[in-house]
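Enquirer: On the provided structure of chain A, position chain B as indicated by the hints.
Going down the list, the sequences are from chains A and B. The first sequence begins at 0 in numbering that gives the first Met the number 0 and counts up one residue at a time. The second sequence begins at 0 in numbering that gives the first Met the number 0 and counts up one residue at a time.
No lab work stands behind these hints, which were simulated from the structure alone. Just so we're clear, the structure is a prediction, and the values are computed from it rather than from any experiment. Careful, some of the hints might be misleading.
[Unchecked claim] Residues from chain B that face chain A, not an exhaustive set, calculated with beta carbons under 7 Å:
#1 M0
#2 Q19
#3 L55
#4 L56
#5 G168
#6 D170
#7 A171
#8 R243
#9 A270
#10 W275
[Claimed, not checked] Distance windows between CB atoms, simulated:
#11 B:T62 - A:E16: 40 to 48 Å
#12 B:W275 - A:P29: 40 to 48 Å
#13 A:V129 - B:R20: 25 to 33 Å
Backbone N, C-alpha and C fix where the C-beta goes; we use that ideal spot for every residue, glycine too.
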Amino acid sequence: MLRFNDVSFSYRPSGREVRALRGVSLCVAPGELIGVLGSNGSGKSTLVRLANGILLPEEGSVEVDGLCTSDEMGIHSLRQSVGVVFQHPDDQIVATTVEDDVAFGPENLGLDRAQLRARVDESLAAVGLVGLERREPHLLSGGQKQRLVIAGAVAMKPAYLVLDEPTSMLDPQGRADVLAVIAQLRASGRGIVHVTHDLAEVVHADRVVVLRGGEVAFTGAPQELFVRPELLESCGLEVPPVVALVERLRALGVPVASGISDPTMLIEALWD
Amino acid sequence: MGLILQGIGYTYSAGTAFSQRALEGVTLTVERGDLVLVLGATGSGKSTLLRVAAGLLAASDGTASVDGEVLTRASARGVMGLVFQDAESQLFAETVADDVAFGPRNLGVATSDALAAAREAMKLVGLDPVTYGGRSPFSLSGGEARRAAVAGVLAMRPRYLLLDEPTAGLDAHGRRAVRGIVETMRESAGVVIVSHTAEEFLDRASRVLVLAGGSVAFEGSGADVVSDPSLLDVGDLRPPDVLRVQQLARTRGYDVGEFSLDPHHAAEKLARAGGWL
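Chain A extracted, bound-state conformation (with noise of 0.2 Å):
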């Protein structure tokens, strides 16, 4: 289990201190995708830099698998257990050649070569971007770049990933390969933090848990969120355009489920 059990965190520019959470707990298990939405400067990508220990606790602790981010002597196989991929995947890749990106963090593992081989191959693997091995990372799209990170994440065996819109910079099919990729991970029993201010990419999710000025204003299902849209206006979030129409279609007395958010499901709902 990853778990932030109460935690607050401020900043400290120049002496002044500014709060950017305070009391926050959630938890994901091995194989759940939780939601974590906010508007820019809810204190979301504070939350990411918590999850692996770049930033510790004021209060509270951050606790993955019974090893506490604050613990010095653990820290090195916590971060072990927990990837972290952030929203622009230029400032992540470091090698030349795709291939040796990924191999950049097990490469300090001590594995032997066939082993490194091996790593290296099953993460491209899990991202679908085998046969691109040999290629400069950077004449690939957005959104193969943002999936060779992920595979980087990955090489690391990490039993939790956490993503700081790890989307949105990408085009509508580069943003359509992460989200099928993520989907993927945890189907393969890899605990997932996604976080974003697109409900519409959550929808999906065991839980979401909405951010609004460092707090927590919401935790619950997805669906619960879709029919309150004043909360959402005030965490600076929209519904999603299908998902409005959706609560519409319903308001009017038509059966069909809340949180659908695909155009083509919706029309399968209505009159497959």
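Expert: Showing chain B alone in chain A's frame:
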């Protein structure tokens, strides 16, 4: 007058083994008050077109002029305001006010005037100069930083504003702010927005161009695209989801009438078409 691009072609690394044609015969005119939406998939040439329009790249073919002058790097200075995608990653100064004032200063505007222009631009984008002026750009949230970056361009008081994916990565509040900025800027400038999604500005655009393989594959009004979203197919672009729902319903033989971008209107049409209303 206006920004006039005629028959523009552009080749990267021309004359080398890596030569790559990015634009072919693109014609585009933008007047004050216009909002031209250039849509295209990744690799369609839309960012290249924006760089040519900004005077950063000299067209390989065709002619480009701005308000009667040949468009060059020099004539574009202070006239064309280009906001790159992910503009906030280019903030660099110690304070937001200094960052926003950098553009006009660099154009030779006296410091006090540049700072005044910066304050005005910050107000335009909804960042209060008193609250934000002294802060480090690196302490801003994503949405605030994007607005600060846009303010840096507005402070040069450009006659044409060119925006590359201006709402990418922003939350609902940030997107609304950017839409507001665009509407305000249209009063005094011509605006060009390039994007791979039609979602955001379709209902406001005076003209829509779809680029495919470096050429204009469709040109028309935003209303044309709303009433027939399949016009986006030539650019391999997805229509906004709400339009897609109505398209699919029509394909199945349901009469949903005129398409609407508004989810509530669309719902009512669907409910009626399906016999529930």
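Enquirer: Does each hint fit the structure? Answer for all of them.
Expert: The hints, checked one at a time:
For the restraint placing B:M0 at the interface with chain A, the shortest Cβ-Cβ distance is roughly 35 Å, beyond the 7 Å limit, so the hint is violated. With 7 Å as the threshold, the beta carbon of B:Q19 stays out of range of chain A, its nearest partner Cβ sitting at about 12 Å, so the hint is violated. With a least beta-carbon distance of about 20 Å to chain A, the hint placing B:L55 at the interface is violated under the 7 Å criterion. Look at B:L56: its Cβ only gets to about 19 Å from chain A, farther than 7 Å, so that hint breaks.
Taking 7 Å as the C-beta contact cut-off toward chain A, the hint placing B:G168 at the interface holds, the least distance being around 4 Å. With 7 Å as the threshold, the beta carbon of B:D170 comes within range of chain A, its nearest partner Cβ sitting at about 4 Å, so the hint holds. Below 7 Å, beta-carbon pairs count as interface contacts, and B:A171 has one with chain A at about 4 Å; its hint therefore holds. Hint status for B:R243: holds, given a least beta-carbon distance of 4 Å to chain A, under 7 Å.
At about 5 Å, the closest approach between the beta carbon of B:A270 and any beta carbon in chain A falls short of 7 Å, and the interface hint on this residue holds. Evaluation of the B:W275 hint against chain A yields a held restraint, the C-beta minimum of about 5 Å falling below 7 Å. A beta carbon spacing of about 58 Å between B:T62 and A:E16 contradicts the range 40 to 48 Å that was offered as a hint. Restraint check, B:W275 to A:P29: a C-beta distance of roughly 43 Å satisfies the suggested window 40 to 48 Å.
Judged by the Cβ atoms, the range 25 to 33 Å given for A:V129 and B:R20 holds: they are separated by roughly 30 Å.
Hint violations for this structure: numbers 1, 2, 3, 4, 11, all remaining hints satisfied.
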